[in-house]
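Using our numbering, the letters of the sequence shown correspond one by one to residues 1 to 398.
Calculated from the structure, these hints are not laboratory results.
Where hints are given, some of them may not hold.
When the alpha-carbon atoms are kept at most 20 Å apart in a straight line, the in silico EDC-like pairs for lysine to aspartate or glutamate are as follows [unchecked claim]: (1) K50 with E277; (2) K372 with E33; (3) K103 with D79; (4) K251 with D286; (5) K206 with E277; (6) K29 with E39; (7) K34 with D79; (8) K107 with D86.
Across the chosen pairs, the derived CB separations fall in these ranges [unchecked claim]: (9) A388 with K136: 29 to 35 Å; (10) Q247 with I189: 53 to 59 Å; (11) K265 with Y171: 46 to 52 Å; (12) L257 with Y72: 22 to 28 Å; (13) L250 with S172: 34 to 40 Å; (14) W269 with N55: 28 to 34 Å.
Remember, predicted model here, so these are calculated numbers, not experimental data.
Beta carbons: idealized from backbone N, C-alpha and C, even for Gly.
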Amino acid sequence: MARLKILRVISSVDPTHGGPIYGLTHSSKLLVEKGHHIEVLSLDDPNDSKIRGFNYPLTSFRGMLGKLQFSYEFSSWLDHHVSEFDVVITHGIWQYHSYATAKACRKHNIPYVVFTHGMLDPWFNQVDQIKALKKKIYWKLFESYTVNNSNAVLFTSQEEKALAKAAFLPYSPAERVVAYGTPQPNIDIVAAKAAFFRLAPQLQGKRIALYLGRIHQKKGIDLMLKALGNLAPLPEDFMLVIAGPDQTGLKEELDALSHQLGITKHIIWTGMLQGHEKWGAYYASDVFILPSHQENFGLVIAEALSTGTPVLTTNKVNIWHEVDHDQAGYVAPDTVAGIQSLLSQWFALSPNDRISMCKRALKCYSRHFSLKAAAQDLEAILLEVRKAHSTITAGKCS
């Protein structure tokens, strides 16, 4: 089997930016084990302490112009080095890295694929009309070039693929759905739980619902708080743990809402959790809740299932079908009433029913979200893309 030299391009390897970097690092580990070579290119400030100790060879250039993250040095590096690679994977769109990569790959005749990571979901166009207009203009000028000229656009579910068709025109890429997953933690569970309880000792012996993710408007945390307010008085042993970075200053508003609803004593904010503390939070929790308005995949759901933790989520998370079909949790609309129904059903479960659901959660992970299947899918597509591209190139030269 051919061994590939793969360049993975992403706007940032900073883990506080959410799921894409975790998908990159998890799948890269198995690709390297299979004999492939991985390098990463990003628009991070090379002096940023958050990117130190990154696990793979990393080249980074500081992006400018706000969220666009323009960098002449980034483009120059691609122009000089992209031809050294067999195939390129671009993670995410709507920033300079995706267009610059597509342009360089086309110039040097290097195949590339694009993970959109849910960024073509039409939900984003409905939330902010001004931003939607800006994206339509940017699509016409730049991003349609990136997507439509790629050798493949990769989606992590059939739902994500279907939704992408309605977002922007013209739209005519080669579409592929690939498995996407997370490794099952190989840790000492007792030690991980102890690390979490050292962080929040008041949670010992409590019935814990865990939210883990960014503190962001699209995550629906306000729905969760309002639903709990409607269910008050809550069981005395119930605690909601909200764990994640607050990048937009939303926590203060949500904290005020919890005070208004009279549920503050049932909530703990931990900030971002990593390592043993993060996995300890999963194992210590009775249920995981993700009340999002939009998720192309929901990596945290796969992580929760890998620890045997049942999931409460919405039908706007694109892997809700798997959770619902395998009875690994409950699914409802992304409304206050929907989240309230999720919590009510969970509160009503008997101890034996909860144990059964935990077992189904593990089976759901193994069936749909194991990292081995995800890496095999990605490897197969990269080899296929490289072979097809080589065949076409050879035909043009003959």
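Hint check results:
{"no.": "1", "hint": "K50 with E277", "result": "holds, 18 Å"}
{"no.": "2", "hint": "K372 with E33", "result": "holds, 11 Å"}
{"no.": "3", "hint": "K103 with D79", "result": "holds, 9 Å"}
{"no.": "4", "hint": "K251 with D286", "result": "violated, 24 Å"}
{"no.": "5", "hint": "K206 with E277", "result": "holds, 17 Å"}
{"no.": "6", "hint": "K29 with E39", "result": "holds, 12 Å"}
{"no.": "7", "hint": "K34 with D79", "result": "violated, 28 Å"}
{"no.": "8", "hint": "K107 with D86", "result": "holds, 14 Å"}
{"no.": "9", "hint": "A388 with K136: 29 to 35 Å", "result": "holds, 31 Å"}
{"no.": "10", "hint": "Q247 with I189: 53 to 59 Å", "result": "violated, 30 Å"}
{"no.": "11", "hint": "K265 with Y171: 46 to 52 Å", "result": "holds, 49 Å"}
{"no.": "12", "hint": "L257 with Y72: 22 to 28 Å", "result": "violated, 44 Å"}
{"no.": "13", "hint": "L250 with S172: 34 to 40 Å", "result": "holds, 37 Å"}
{"no.": "14", "hint": "W269 with N55: 28 to 34 Å", "result": "holds, 29 Å"}
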